[in-house]
Amino acid sequence: MLKITSLIMATVLLSSCSTTVEELYQKVAAKPSVVNNEESVVAADSSRFEPQEYNGNYVRKDGGQSSVLQMATAELKNTGVQFVLYFSYDGSEIDEAATQAIIKHANFMRDNPSLNLRLEGHADERGTREYNLALGENRALAVKEVLGLYDLNSRVEVISFGEETPLIQAHDESAWGKNRRVEFIYQ
Amino acid sequence: MRQFAAAFLALYATASFAILEVTILKKDENAFPIVISPFAVKGDAKQGEVIANIMRDNFNRSGEFNASSADYIINSQINFDKWKDKKIEAIVIGKLEQVSKNIFNVEIELIDTYTRKTLYAKKFAVHNSGIRRITHYLSDQIYFALLGVKGSFDTRLAYVTVTNMSNGKREYRLEISDSDAQNPQTIFRAASPILSPAWSPDQNKIAYVSFKNGRSEVFIQYPFMRRKTQKLPYFNGIASAPAWHPNGESLIMTLSKDGNKDIYSYHLKDEKLTRLTKDVGIDTEASYSADGERIAFTSNRSGQVQVYIKYLKTGAIKRATFEGSYNAKAVFSPDGKSLALVHRVDKDYRIALLDIATKDLIVITDNKLDESPFFSPNGGMIIFASNKGDTGVLSVVSILGHQTFELASKAGEVREPNWSHYSK
Numbered sequence: 143m144l145k146i147t148s149l150i151m152a153t154v155l156l157s158s159c160s161t162t163v164e165e166l167y168q169k170v171a172a173k174p175s176v177v178n179n180e181e182s183v184v185a186a187d188s189s190r191f192e193p194q195e196y197n198g199n200y201v202r203k204d205g206g207q208s209s210v211l212q213m214a215t216a217e218l219k220n221t222g223v224q225f226v227l228y229f230s231y232d233g234s235e236i237d238e239a240a241t242q243a244i245i246k247h248a249n250f251m252r253d254n255p256s257l258n259l260r261l262e263g264h265a266d267e268r269g270t271r272e273y274n275l276a277l278g279e280n281r282a283l284a285v286k287e288v289l290g291l292y293d294l295n296s297r298v299e300v301i302s303f304g305e306e307t308p309l310i311q312a313h314d315e316s317a318w319g320k321n322r323r324v325e326f327i328y329q
Numbered sequence: 100m101r102q103f104a105a106a107f108l109a110l111y112a113t114a115s116f117a118i119l120e121v122t123i124l125k126k127d128e129n130a131f132p133i134v135i136s137p138f139a140v141k142g143d144a145k146q147g148e149v150i151a152n153i154m155r156d157n158f159n160r161s162g163e164f165n166a167s168s169a170d171y172i173i174n175s176q177i178n179f180d181k182w183k184d185k186k187i188e189a190i191v192i193g194k195l196e197q198v199s200k201n202i203f204n205v206e207i208e209l210i211d212t213y214t215r216k217t218l219y220a221k222k223f224a225v226h227n228s229g230i231r232r233i234t235h236y237l238s239d240q241i242y243f244a245l246l247g248v249k250g251s252f253d254t255r256l257a258y259v260t261v262t263n264m265s266n267g268k269r270e271y272r273l274e275i276s277d278s279d280a281q282n283p284q285t286i287f288r289a290a291s292p293i294l295s296p297a298w299s300p301d302q303n304k305i306a307y308v309s310f311k312n313g314r315s316e317v318f319i320q321y322p323f324m325r326r327k328t329q330k331l332p333y334f335n336g337i338a339s340a341p342a343w344h345p346n347g348e349s350l351i352m353t354l355s356k357d358g359n360k361d362i363y364s365y366h367l368k369d370e371k372l373t374r375l376t377k378d379v380g381i382d383t384e385a386s387y388s389a390d391g392e393r394i395a396f397t398s399n400r401s402g403q404v405q406v407y408i409k410y411l412k413t414g415a416i417k418r419a420t421f422e423g424s425y426n427a428k429a430v431f432s433p434d435g436k437s438l439a440l441v442h443r444v445d446k447d448y449r450i451a452l453l454d455i456a457t458k459d460l461i462v463i464t465d466n467k468l469d470e471s472p473f474f475s476p477n478g479g480m481i482i483f484a485s486n487k488g489d490t491g492v493l494s495v496v497s498i499l500g501h502q503t504f505e506l507a508s509k510a511g512e513v514r515e516p517n518w519s520h521y522s523k
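These protein sequence lines map, in sequence, to chains A and B. Counting in my numbering, the first sequence runs from 143 upward without gaps. Counting in my numbering, the second sequence runs from 100 upward without gaps.
Okay, chain A solo, but in the shape it has when bound:
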């Protein structure tokens, strides 16, 4: 179910952003250790989505973390942010569009400090299984690297499944393109 949703989300165009990635990076990099400073969060945050809905003030109700998890991630998904990022053949580069998506997740994580993120890296079936396992981890680590600029490293877990769990069970370019991916899974 998650995968289907993610797939749909991935095809939704990103909402336009007023700030370029370089500027975002500069703001973050200039203040590398300001994770607890609410001001800097906002400052680095010009691409954030619907800030009024994610003010970090979630109260744990009877459902505990899982309800926060479900509610928060459902709303994040409604903003159209990608929960799956796709990669080129043998590539693990994060392009500008991907960076913008990751920054949205970074802001979301800062607003929801009780949530942790699991990044699952995947590869297409071409090439050897063990190399692809390594490649899948590199993809997830590349995403984590961007989150690390927001001091979120300790809340991000990286796992690779290589080519073992394809999203699409087919043997053509379009399937391969969908299978070379990193999935964002909040927990």
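Incorrect hints may appear among the rest.
[As the list claims (entries may be wrong)] Derived DSBU-like pairs (lysine-lysine); straight-line CA-CA distance at most 35 angstroms:
#1 A/Lys219 / B/Lys216
#2 B/Lys268 / B/Lys216
#3 A/Lys320 / B/Lys249
#4 A/Lys320 / A/Lys219
#5 B/Lys194 / B/Lys249
#6 B/Lys509 / A/Lys320
#7 B/Lys194 / A/Lys320
#8 B/Lys356 / A/Lys320
#9 B/Lys194 / B/Lys222
#10 B/Lys183 / A/Lys320
#11 B/Lys377 / B/Lys126
#12 A/Lys320 / B/Lys268
#13 B/Lys377 / A/Lys320
#14 B/Lys377 / A/Lys219
#15 A/Lys320 / B/Lys330
#16 B/Lys436 / B/Lys446
[Said to hold, decoys possible] Selected chain A positions facing chain B (in silico; Cβ < 7 angstroms):
#17 Thr270
#18 Arg271
#19 Glu272
#20 Leu275
#21 Ala276
#22 Glu279
#23 Ile301
#24 Ser302
#25 Glu306
#26 Trp318
Just so you know, these hints were derived from the structure itself, not from any lab. Here a beta-carbon is modelled for each residue, glycine too, at the ideal position from N, C-alpha and C.
We have chain A; now place chain B onto it with these hints.
For chain B alone, kept in the frame of chain A given last:
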């Protein structure tokens, strides 16, 4: 010792799985013509037929022989002129005699039809349960007597099967079998992927990668012993691609504990970890040469995926592959002179043989997605995984004979083959 092992195996196998179907796809008509006569039997010894059949199948699968039967039991009075006319170069005759309920005497003789000399003769007493094993052993002896090279019959395979279940889930099984795919046993079952099974040099352990705890970890299982599966200590990140040192005391594997994927050696007794590669790129799929002095591994350090060799005495690392943009998962031939590897040809991934010294590379398969090559212990054959239609099968190609046979499962996909060493 071996018989105990077999008994335990029967006890501990969780379930036996469908036997892989063996199909010879391509036969070398110029292979060595040999006749294996039906065995003479005395007493209740129906296995006489079984022995001759197993032996013929062994020789035909090897790609080096064209083994046929005779329509009568050949005894020691051989009509040599007749067989010479038929261009048969050697004849195997045998006898199986029941001694007691479960004990049999096996007698076998290999005769050269041209010189009329006996090249090999042996007599064994064997328990009923050991007949298959003895047949593989005798096949090896005959192979050696004729070619001067050891056979690879008295060895085992390990492989992974994947079945789509009716509930939409997949079931992964780690299986072991005899070299002829008979006698299959499931030694580990999981709902998550299993990768890279590797027989230990003493043939008593199998290392493999399982995701059963949600990430790739290396396990060592003892298929013939009353001993728990051992999980290697947790190192941060990926643990994968295990391969044994020829002395069996340590494993090399890929770890990403520092973010980089590098090759490490882990000594099982000392629990000591030694780093063998250090590079910002991916280093993985390492394997030892038979003398333990070199490892081959896959690396993208050049920007392309290529195979490198590290010379462990000097520490020097040299690139081994230069042809093509993707070469990976190399394994050394038993003589250490060549590597079998996955080589990209345009958009296809095929198995190739690389002469390490001359750098000559020969592509030996012609499918779309071949992977996981592994040599038979005598170096005469390469087993690999291949995609056929929408499913995975194993193929075995004989290097000299240009013969191919296939191992397929009706139940689903077969992949990740590994061939044991000779038993010690």
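Going through the hints against the structure:
1. As the CA atoms of A/Lys219 and B/Lys216 are separated by approximately 81 angstroms, the hinted pair breaks the 35 angstroms bound.
2. Distance check on the hinted pair: B/Lys268 and B/Lys216 sit about 60 angstroms apart at the alpha-carbon level, beyond 35 angstroms; violated.
3. Proximity of A/Lys320 to B/Lys249 is assessed by CA-CA distance (about 48 angstroms); at most 35 angstroms being required, the pair is judged violated.
4. Proposed proximity of A/Lys320 and A/Lys219 is supported: the alpha carbons are some 19 angstroms apart, at most 35 angstroms.
5. Between B/Lys194 and B/Lys249, the direct Cα distance comes to roughly 24 angstroms. Compliance with the 35 angstroms bound is thereby established for this hinted pair.
6. The suggested pairing of B/Lys509 with A/Lys320 holds, with an alpha-carbon distance near 29 angstroms, which does not exceed 35 angstroms.
7. The straight-line distance between the Cα atoms of B/Lys194 and A/Lys320 is roughly 61 angstroms, outside the 35 angstroms bound, and the hint therefore fails.
8. Simply put, B/Lys356 and A/Lys320 have alpha-carbon atoms about 28 angstroms apart, close enough for the 35 angstroms limit, and the pair holds.
9. This hinted pair checks out: B/Lys194 and B/Lys222 have alpha carbons roughly 9 angstroms apart, not beyond 35 angstroms.
10. As the CA atoms of B/Lys183 and A/Lys320 are separated by approximately 62 angstroms, the hinted pair breaks the 35 angstroms bound.
11. Distance restraint check for B/Lys377 and B/Lys126: the Cα-Cα separation of roughly 45 angstroms exceeds the 35 angstroms cut-off, and the hinted pair is therefore not satisfied.
12. With a C-alpha separation of about 20 angstroms, the suggested pairing of A/Lys320 with B/Lys268 holds against the 35 angstroms cut-off.
13. With a C-alpha separation of about 32 angstroms, the suggested pairing of B/Lys377 with A/Lys320 holds against the 35 angstroms cut-off.
14. Restraint check: the Cα-Cα separation between B/Lys377 and A/Lys219 comes to about 40 angstroms, which exceeds 35 angstroms; the hinted pair is violated.
15. This hinted pair checks out: A/Lys320 and B/Lys330 have alpha carbons roughly 33 angstroms apart, not beyond 35 angstroms.
16. For the given pair, B/Lys436 sits about 28 angstroms from B/Lys446 by alpha-carbon distance, which is consistent with the 35 angstroms threshold.
17. The interface hint given for A/Thr270 is met, as the beta carbon of that residue sits about 4 angstroms from the closest beta carbon of chain B, less than 7 angstroms.
18. The closest approach between the C-beta of A/Arg271 and any C-beta of chain B is roughly 6 angstroms, which is under the 7 angstroms cut-off, so the hint is satisfied.
19. With a cut of 7 angstroms, the hint placing A/Glu272 at the interface with chain B holds, because the nearest CB-to-CB distance is about 4 angstroms.
20. Because the beta carbon of A/Leu275 sits about 5 angstroms from the nearest beta carbon in chain B, less than 7 angstroms, this interface hint is met.
21. At its closest, the beta carbon of A/Ala276 sits 4 angstroms from a beta carbon of chain B; the interface hint therefore holds under the 7 angstroms criterion.
22. A cut of 7 angstroms between beta carbons decides the hint on A/Glu279: the least distance to chain B is about 5 angstroms, and the hint holds.
23. Using the Cβ-Cβ criterion of 7 angstroms, the hint placing A/Ile301 at the interface with chain B is satisfied: the shortest such distance is roughly 5 angstroms.
24. For the restraint placing A/Ser302 at the interface with chain B, the shortest Cβ-Cβ distance is roughly 6 angstroms, inside the 7 angstroms limit, so the hint holds.
25. The restraint placing A/Glu306 at the interface with chain B holds, with a minimum CB-CB distance near 4 angstroms, inside the 7 angstroms limit.
26. Annotation: interface hint on A/Trp318 violated; nearest CB of chain B at approximately 11 angstroms, more than 7 angstroms.
The structure fails hints 1, 2, 3, 7, 10, 11, 14 and 26 (numbered hints given earlier, in ascending order).
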